[in-house]
Every structure is written in structure tokens, then in C-alpha cells.
Amino acid sequence: MYENIQEYLAQLKKELRGSDPALIQDALSDAEEHLQNALEETLKKSPQISEPHALESLIEKYGTPAEVASAYKEIETRIQPTLAPTKPSKKRSFWGKFFSTAGESRTWGAFLYILISGLTAVVYGMWALMGGVFSLCSLILIIGIPVTGLFLFSLRGIALVEGRIIEALLGIRMPRKPIFFRRKLNWRQKYKTLVMESLTWKIYAYLILHFPLGLTYFLITIFLLSLSIKCVLYPVWFWVFGRPLITINQPFYPEGWSFPLIVILGIIFLFSTFHLIRFIGRFHGRFAKLMLVRKQEQTFPQGSS
Amino acid sequence: MDRSNDVNKKFQKELNAGTAALVLLSILAQADKPLYGYRIAKLMESGDKGTPMMKQGALYPVLRSLHQSGLLESYVDPSVSGPPRRYYKITDSGLNALKSWTKIWNQTKTFVDQILKGSSHV
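Just so you know, the protein sequences line up as chains A and B, in that order.
Using my numbering, read the first sequence as starting at 1 and increasing by one per residue.
Using my numbering, read the second sequence as starting at 1001 and increasing by one per residue.
Pulled out of the complex, with its shape left as it was, chain A reads as follows (with noise of 0.2 Å):
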């Protein structure tokens, strides 16, 4: 028999190791919203019944953590995300992986991150440096306090927002519910729990480090793809507009010969900027996951879930 939710939850976290953490994320999310919201009118409808009793015909309907875990990981297994990676076709030659990038949903899902990226580094970081800033200052004011905490909490909201851009473009399994409080906690401890656990702190580096990191994604994809489709299309850039290939002190005109050569490099230096773009997805996609998502191997946290 369970006393309490918590004791519910550390056995459905138990059940739920070696499983994608933000599946564990919500499905403890899940779980709590529903015990509680259960737990909540059981008691008002029968005021002399314990705790521990109510949870148990609770769960007997819920399921136990074990039938539960066993739930979320058999429908997650039929639920990949989107454009969650897929296994390459053994069959395809070398040229051949190296071309079929192009017509992938994962290619132009990074591409569209990385396009976002331009702004949402810009947006977060400043979001994140001022309003580091200035809940700092506003500390040495009794108003600091509720401003820092607003802030601090903020950052879980966005933390969801960019967990869901990434995981609906670069297919990473990401939490799908924001984190909260335990309901019976007082302001204070709320407020204790979210300065004190790594998550928030974690989330608020990733805010800062998504800054040059989104910007260099976004300049190096858009100089590398305007040099490979300058390429491509030297001869009609040449032909209409009599422009140079490049200008570095002077100005560089090839011959006429090199021109086919030109653009097959062209082609390879494009489709070469695809892999990169892809790279890059799977790269941030990972350390999104590591910053964004609570790690599972720590204790139960007291305060939120």
C-alpha cells in the first residue's frame, strides 16, 4: 500500500528506468495531475476515509506503476516524434545517401530550427541576460524577490516552448508538459524548490549558450548555402550579370572551361551543407535534451515534478 503520491511516483520512476526521460517527464507528470485530481474529490466526498486507502482503490483503477510503465513504453515505441530519425537503408550506395539528404523531412526540419534559431537566440538571450540582470539588482529591493522567482519560473515555460519547436523539427523526444509544484507547498518552498534545483539553472545556461550557438548556426548555414547555390548558378550569374565568382582585394573571373567544374563543385559543396545542416540538428537536439530535460538518475525532487 502507498502512504502517499510521492511513494506512487518513485515506483512508477522506478518501473520507467532505461526509458526516454522526458517520456518518464510525463508520464510522472500525468500520473500526479490524475492521483491528485482523484485523491482531491475522493476526500471531499469521503472525509473519514485515510490517505493510504483512498490511493489504493485509486490505483487499483489508475493501474499500478508497473502496468502503467508498461503502457507508456509499449504506445511510445508507435509514437516517434515526427521526424524522429530512421534507420538508413543499408541497400543505398555511397552517392546515393550522399544526394537522398536532400528529400528528407529531418534535413529541412534542422533547416527550419536553424532558421528559427537566427531569432529565438536573440529572443532568449536576451531574455535571459536582462532579466538575470535586473532580478540581480532588484534584489537589494523586498521586490526583488517575487520578480527573481517570476523570472526563474519563466524559464520553465520557455524551456517547454523551445522543447516543443525541437521536437517537432529536429524529432527528439521532448517533454511534452511543463514542470510544477507539489500542490500543498507554501510559497516559500515553492520558491526554495525552484532556486534550488539544477533544472532551472541548467535551463537558464542553455537560454545564455543558445545565443552564439543559434547565431553561428544561422550565419554558417546561410554563408555556406549562398556560396554553394552562387556556384550552381555561376554560369547564368556570369552570362546575365558579368559578375565575378568571388571578390577577395580583386575581383576573380574563371575561365570559361572551369565553368562545369564550377558548378559540380557546387552541387557537392550543397548537398554537403545538407549533411551539415543535419549534423547540426542532431547536435543541438542532444544538448537540448541534456540542458532542457530533468535528469532522471537524481532523487525525486521535493518540490515540483
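These are computed hints drawn from the structure, not numbers from a lab.
Do not take every clue at face value.
What the hints assert, rightly or not - Lysine to any residue pairs mimicking SDA-like chemistry, simulated, CA-CA at most 20 Å apart:
(1) B:K1013 x B:V1112
(2) B:K1055 x A:M1
(3) B:K1013 x A:E15
(4) B:K1055 x A:H53
(5) B:K1013 x A:E67
(6) B:K1055 x B:A1021
(7) B:K1042 x A:S46
(8) B:K1055 x A:Q36
(9) B:K1010 x A:T77
(10) A:K73 x B:F1011
(11) B:K1089 x B:R1039
(12) A:K61 x B:A1017
(13) B:K1009 x A:E60
(14) B:K1089 x B:G1070
(15) B:K1009 x A:A66
(16) B:K1055 x A:Q11
(17) B:K1009 x A:S70
(18) A:K73 x B:Q1068
(19) A:K289 x A:F111
(20) B:K1055 x A:I75
(21) A:K190 x A:K202
(22) B:K1055 x A:A54
(23) B:K1109 x B:A1017
(24) B:K1055 x A:L9
(25) A:K73 x A:S19
(26) A:K44 x B:S1046
(27) B:K1109 x B:S1026
(28) B:K1042 x A:E40
(29) B:K1010 x A:E60
To be verified - DEER-style ranges, computed between Cβ atoms:
(30) A:H275 x B:Q1114: 49 to 57 Å
(31) B:V1076 x A:K44: 18 to 26 Å
(32) B:K1009 x A:F279: 39 to 47 Å
(33) A:K61 x B:Q1068: 24 to 32 Å
(34) A:R164 x B:G1018: 25 to 33 Å
(35) A:V161 x B:G1018: 28 to 36 Å
As the list claims (entries may be wrong) - Chain A regions said to be covered by chain B (calculated; three or more residues, Cβ under 8 Å):
(36) 28-37
(37) 68-74
For each residue, glycine too, the CB sits at the ideal point set by N, CA and C.
For chain A, the structure is supplied; the task is to place chain B on it using the hints.
Then chain B, alone, in the frame of chain A:
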């Protein structure tokens, strides 16, 4: 006895895997406002007079699966005083899927019923 129970449980689980999505779509299609997980579970409970069709905990991943497929839309109602609730609402594609699935379900039901009736005469 234990083995027979296990086999029954396995059969029930396999059956639920397909029907849970249909039941959830149907409940959300009949609802006049968005519903959250616990409310859906209560509605299922009120309609379930015999043995419960499935554990309530298994509803949530199915809801996510339907949401992921675009058959449901959802929003989170944040709350600083407790867990946020995710409200679900059926989409137009969800309504279309429900129509097709109901048709398939009726065909399957008729087929299985016919076979079961037939087998009783064997």
C-alpha cells in the same frame, strides 16, 4: 488459473490497444467542451458498468498518440498551485477518423459476432 488469467489479460490488452483510441475519440466528439485526462477517465468509468475496459493510466499515452497524429488538439491550463491540466479537443481530421473507425468497428463487430454465433453451433 494464473496462466489463464495471464492469457485473458493479454487478450484484453491487445483488444484495448485498438479500441481505446476509438473510445477516446468518441468521448471527445460528444463533449461540448475540451476535456482533461481525469474527466475523460471519469466519463469512461460512468459508462463502464462491468469490468473496466482498461486502466486509467493507459489513457494518457493514447491521448498523446492521438494528439501527435493530429486527431486531437490540446492546450495546457497552467496552474501554480497544482499540476497543469492538458485539455483535449477533437479536430476535424479526428471527426473524419472517428467516422471511418466507427464504420470499421461495426464491420469488425458484425464479423466477429457472426463467427462467434457460428462457432456455438459447431
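Among all the numbered hints in the text so far, which are the ones the structure does not match? none
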